[in-house]
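Novice: One-letter residues, chain by chain:
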Amino acid sequence: MDIVEIKNLTFKYPQQEVQNFNNFNLKIKKGEWLAIIGHNGSGKSTLVRLIDGLLAPESGEITVSGIKLTPESVWDVRSKIGMVFQNPDNQFVGANVEDDVAFGLENAAIPRKEMLIRVRQALERVKMWEFADHEPVRLSGGQKQRVALAGIIALKPEIIILDEATSMLDPEGRQAVLEIIRELNQVEHLTVISITHDIDEASNAQRVVVLDDGKIVQDDIPAKIFSHGASLVKIGLEPPFSEKLKEELVKQGIEVPDEYLTKEGMVDWLWQLFSKQ
Amino acid sequence: MGKVLLGRYVPGDSIVHRMDPRAKLILSFFFIVIIFLANNWQSYALLFALTIGSILAAKVNFAFFIKGVRPLIWLILFTVLLQIFFSSGGTVFWRWGPFNLSYYGLINGAYVFCRFVLIIFMSTLLTLTTAPLEIADALEKLMMPLKKIKVPVYEISLMLSIALRFVPTLMDETAKIMNAQRSRGVNFGEGSIMQQIKAVVPLLVPLFVSSFNRAEDLATAMEARGYRGGEGRTKYRVHYWQTGDTVGCAVFVAVLIILLFLRHW
Ligand SMILES: Nc1ncnc2c1ncn2[C@@H]1O[C@H](COP(=O)(O)OP(=O)(O)O)[C@@H](O)[C@H]1O
Ligand SMILES: [Mg+2]
Numbered sequence: 001m002d003i004v005e006i007k008n009l010t011f012k013y014p015q016q017e018v019q020n021f022n023n024f025n026l027k028i029k030k031g032e033w034l035a036i037i038g039h040n041g042s043g044k045s046t047l048v049r050l051i052d053g054l055l056a057p058e059s060g061e062i063t064v065s066g067i068k069l070t071p072e073s074v075w076d077v078r079s080k081i082g083m084v085f086q087n088p089d090n091q092f093v094g095a096n097v098e099d100d101v102a103f104g105l106e107n108a109a110i111p112r113k114e115m116l117i118r119v120r121q122a123l124e125r126v127k128m129w130e131f132a133d134h135e136p137v138r139l140s141g142g143q144k145q146r147v148a149l150a151g152i153i154a155l156k157p158e159i160i161i162l163d164e165a166t167s168m169l170d171p172e173g174r175q176a177v178l179e180i181i182r183e184l185n186q187v188e189h190l191t192v193i194s195i196t197h198d199i200d201e202a203s204n205a206q207r208v209v210v211l212d213d214g215k216i217v218q219d220d221i222p223a224k225i226f227s228h229g230a231s232l233v234k235i236g237l238e239p240p241f242s243e244k245l246k247e248e249l250v251k252q253g254i255e256v257p258d259e260y261l262t263k264e265g266m267v268d269w270l271w272q273l274f275s276k277q
Numbered sequence: 001m002g003k004v005l006l007g008r009y010v011p012g013d014s015i016v017h018r019m020d021p022r023a024k025l026i027l028s029f030f031f032i033v034i035i036f037l038a039n040n041w042q043s044y045a046l047l048f049a050l051t052i053g054s055i056l057a058a059k060v061n062f063a064f065f066i067k068g069v070r071p072l073i074w075l076i077l078f079t080v081l082l083q084i085f086f087s088s089g090g091t092v093f094w095r096w097g098p099f100n101l102s103y104y105g106l107i108n109g110a111y112v113f114c115r116f117v118l119i120i121f122m123s124t125l126l127t128l129t130t131a132p133l134e135i136a137d138a139l140e141k142l143m144m145p146l147k148k149i150k151v152p153v154y155e156i157s158l159m160l161s162i163a164l165r166f167v168p169t170l171m172d173e174t175a176k177i178m179n180a181q182r183s184r185g186v187n188f189g190e191g192s193i194m195q196q197i198k199a200v201v202p203l204l205v206p207l208f209v210s211s212f213n214r215a216e217d218l219a220t221a222m223e224a225r226g227y228r229g230g231e232g233r234t235k236y237r238v239h240y241w242q243t244g245d246t247v248g249c250a251v252f253v254a255v256l257i258i259l260l261f262l263r264h265w
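Read top to bottom, the protein sequences are chains H and L.
Quick note on numbering: the numbering used here labels position 208 of the first sequence as 208, and the sequence is numbered without any gaps.
Quick note on numbering: the numbering used here labels position 41 of the second sequence as 41, and the sequence is numbered without any gaps.
The set of hints was computed from the structure by calculation and includes no laboratory data.
Treat the hints with caution; some may be incorrect.
[What the hints assert, rightly or not] No more than 25 Å apart at the CA atoms, straight line, and that leaves these computed lysine to any residue pairs for SDA-like: (1) H:K127 x H:E188; (2) H:K12 x L:H17; (3) L:K147 x H:A109.
Quick caveat: nothing in here was measured; it's all calculated off a predicted structure.
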């Protein structure tokens, strides 16, 4: 069964000339984990915002969990979808952890008695209950994203959309978030749509869609996509930071070692380079 | 500034901490009003007794209150001196041009000093024992009647709580931008006034740009989480008016009655 179905979608931002999507089609199966990759500006965020009804298409049809997306049904559709965005700080509405989780429940007019139960369960689920009274300034990025996930879990959606939700996190924070997503996908069979530049995150998916200027250029299982030989950079996956730095240094005419350097290796090499000069 | 605005709340579990923030807010205002009824030593003594009693009930360190007075000490001294030298009446001890040191001047100066200290102590007690968010909640509840004249009370209170939530975030960001600009050679708090104003521009511009981005992100995130205006939402945080609050109000009213008697001692 398809939980998301996009038919002949056409969309463009009012103030822009170019069409973002032109006769775009995509089906997402219930329970599937779909990764969307593509370079910056290829339309990934725009696509998921269209699915959530945060943007309205010019033409075409979007159906989510059997509900056709219209201005009247948009709140019903949104209640099926939970979205986590990139910047952990800019989606934290509540004054503290439990308040933030409750925000969505308050919007959905859930009675307070049930709210108390759901907030606690959701926070225990993401291992953040002991931080219930913490303000966002006292939390790491990874903890904030876990709180954002709790806010979604409490609302019991069918689909979780992650729009580069782990891109600002350190490796541990990223692992913790992905661990929760994996569990939600495998145990509760939630459909996951994750936009990512991270190859590890993408390889968790059952299916990867590569987007290029509003068109699907590849649609396959991760192993196939990553073995296509095409440079990962070209399809919008980030090489590690040290590799990017190396590339920039070469552009500056600085000789760099050929072998792969870890972050620590890079630091060592850099200060050795400096002290030689 | 973060410390002044928000860092003052000291979590605790005293009777005062547990009081309904509405009660605390009302009583603080009530207290400030009745201070102006005090007109002799007996009535000021009564108000001091009430203040010290409240502080003891809150079980917070007295040092916080001294700290509350310190930033205002010059303003207080200035006002007190004005009172002392410019009011006349009673025995005059000393006179020079428009200045005179009189018995009433001294008494008035002392009263003004007491008023300042009482107001600062009581408002410090409010902010020490009540989280900023609780104050926002209390304001929302107390503003409820204004809904009748179409004041968007829910929205105002959400605005207030989001603003409170973002103060520390923006504070952090300001510090980061200052460091970044310093590393590029901008000097903050040095040089002539013109130079200082110039130094603020590279601080404010990125801060504004990022605040607007944050605002847009936050609006999208709120909509994605089903926010569609304040109407029809349920509330996670509730405050219950308890016996303690009624008793607190009763004590303050009793003090008012005694105060009215003491005025005509
Ligand atoms: N709010 C907006 N207004 C106008 N144009 C936008 C807006 N958001 C994105 N765009 C444009 O739409 C295109 C796709 O952007 P986006 O969906 O954010 O890409 P991605 O998430 O893949 O990086 C880009 O060319 C971008 O400039
Ligand atoms: Mg994007």
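Novice: Of all the hints numbered above, which does this structure not satisfy? Sort the numbers upward.
Specialist: As far as the earlier hints go, only 2 is violated by this structure.
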